[in-house]
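Undergrad: Sequence:
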Amino acid sequence: VQLQASGGGLVQAGGSLRLDCAASGSTSNIDVMGWYRQTDGKNRYLVATMSTKGREIYGGSVKGRFTISRDNAKNTLYLQMNTLKPEDTAVYYCNAFKTTTGGAYNYWGQGTLVTVSS
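Plus 46 on top of the position in the sequence shown (first one is 1) and you've got our numbering.
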């Protein structure tokens, strides 16, 4: 599975951005797709995930401001980010979790930088 994230950039506090993540390759049996973000160059923290059944999970700091959605026909995941805050500044990574008879696999996109100015 290859994941291509796009849509990052510079925005003022209070503004909006949308991130896209296009999945290609062996995309069957992807159970969950989501977004994580990294600010310290080490740890990635949950932003939001969505299962193939549509179950959504959000990190506490983004609830009510970010919305995750998924177009299964296009194999594309979206993250609509509204009311952005400077603390949302991070590199955002797209993730896909897949299970097969051979095991479970995690895939990551290349990351896209979101910078929110105050």
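None of these hints come from the bench; they were simulated from the model. All C-beta atoms, glycine included, are put in the ideal place defined by N, C-alpha and C. Please note: incorrect hints may appear among the correct ones.
In the DMTMM-like style, the derived pairs of lysine to aspartate or glutamate whose C-alpha atoms are separated by at most 25 Å in a straight line are [what the hints assert, rightly or not]:
{"id": "1", "residue 1": "K109", "residue 2": "D77"}
{"id": "2", "residue 1": "K144", "residue 2": "E102"}
{"id": "3", "residue 1": "K109", "residue 2": "D86"}
{"id": "4", "residue 1": "K99", "residue 2": "D66"}
{"id": "5", "residue 1": "K120", "residue 2": "D86"}
{"id": "6", "residue 1": "K131", "residue 2": "D77"}
{"id": "7", "residue 1": "K120", "residue 2": "D77"}
{"id": "8", "residue 1": "K109", "residue 2": "D66"}
{"id": "9", "residue 1": "K131", "residue 2": "E102"}
{"id": "10", "residue 1": "K120", "residue 2": "E102"}
{"id": "11", "residue 1": "K144", "residue 2": "D77"}
{"id": "12", "residue 1": "K144", "residue 2": "D117"}
{"id": "13", "residue 1": "K131", "residue 2": "D86"}
{"id": "14", "residue 1": "K99", "residue 2": "E133"}
{"id": "15", "residue 1": "K99", "residue 2": "D117"}
{"id": "16", "residue 1": "K120", "residue 2": "D66"}
{"id": "17", "residue 1": "K88", "residue 2": "D117"}
{"id": "18", "residue 1": "K109", "residue 2": "E133"}
{"id": "19", "residue 1": "K131", "residue 2": "D66"}
Quick list of simulated restraints, FRET-style, between CB atoms [said to hold, decoys possible]:
{"id": "20", "residue 1": "Q58", "residue 2": "G148", "range": "19 to 27 Å"}
{"id": "21", "residue 1": "T129", "residue 2": "N75", "range": "20 to 28 Å"}
{"id": "22", "residue 1": "N89", "residue 2": "T113", "range": "21 to 29 Å"}
Undergrad: Each hint should be assessed against the structure and marked as holding or not.
TA: So, going through the hints one by one against the coordinates:
Restraint check for K109 and D77: the C-alpha separation of about 22 Å stays at or below 25 Å, so the hint holds. The straight-line distance between the Cα atoms of K144 and E102 is roughly 17 Å, inside the 25 Å bound, and the hint therefore holds. In summary, the hint linking K109 to D86 is supported, as the alpha carbons are separated by about 22 Å, within the 25 Å threshold. For a cut-off of 25 Å, the pair hint linking K99 to D66 stands: about 19 Å separates their Cα positions.
This hinted pair does not check out: K120 and D86 have alpha carbons roughly 32 Å apart, beyond 25 Å. Note on K131 and D77: the hinted pairing is violated, with a Cα-Cα distance of about 30 Å set against a maximum of 25 Å. Distance hint between K120 and D77 is fulfilled; the C-alpha atoms sit about 16 Å from each other, no more than 25 Å. For a cut-off of 25 Å, the pair hint linking K109 to D66 stands: about 19 Å separates their Cα positions.
The hinted pair formed by K131 and E102 meets the criterion: a straight-line CA distance of about 22 Å does not exceed 25 Å. With a C-alpha separation of about 19 Å, the suggested pairing of K120 with E102 holds against the 25 Å cut-off. Between the alpha carbons of K144 and D77 the distance comes to roughly 5 Å, so the proposed pair stays at or under 25 Å and holds. Pair hint K144 plus D117 holds up; C-alpha atoms about 17 Å apart against a cutoff of 25 Å.
The hinted pair formed by K131 and D86 meets the criterion: a straight-line CA distance of about 17 Å does not exceed 25 Å. As the CA atoms of K99 and E133 are separated by approximately 31 Å, the hinted pair breaks the 25 Å bound. As the CA atoms of K99 and D117 are separated by approximately 12 Å, the hinted pair is consistent with the 25 Å bound. With a CA separation close to 11 Å, the supplied pair K120 and D66 stays within the 25 Å bound.
A threshold of 25 Å between alpha carbons decides the hint, and for K88 with D117 the separation of about 30 Å lies outside it, so the pair is violated. Taking the CA atoms of K109 and E133, the gap is about 14 Å. The hint holds against a cut of 25 Å. Taking the CA atoms of K131 and D66, the gap is about 20 Å. The hint holds against a cut of 25 Å. Our hint of 19 to 27 Å for Q58 and G148 is violated, since their Cβ atoms are close to 47 Å apart.
At about 35 Å, the CB distance of T129 to N75 disagrees with the hint of 20 to 28 Å. Between N89 and T113, the C-beta spacing of about 24 Å keeps the proposed range 21 to 29 Å intact.
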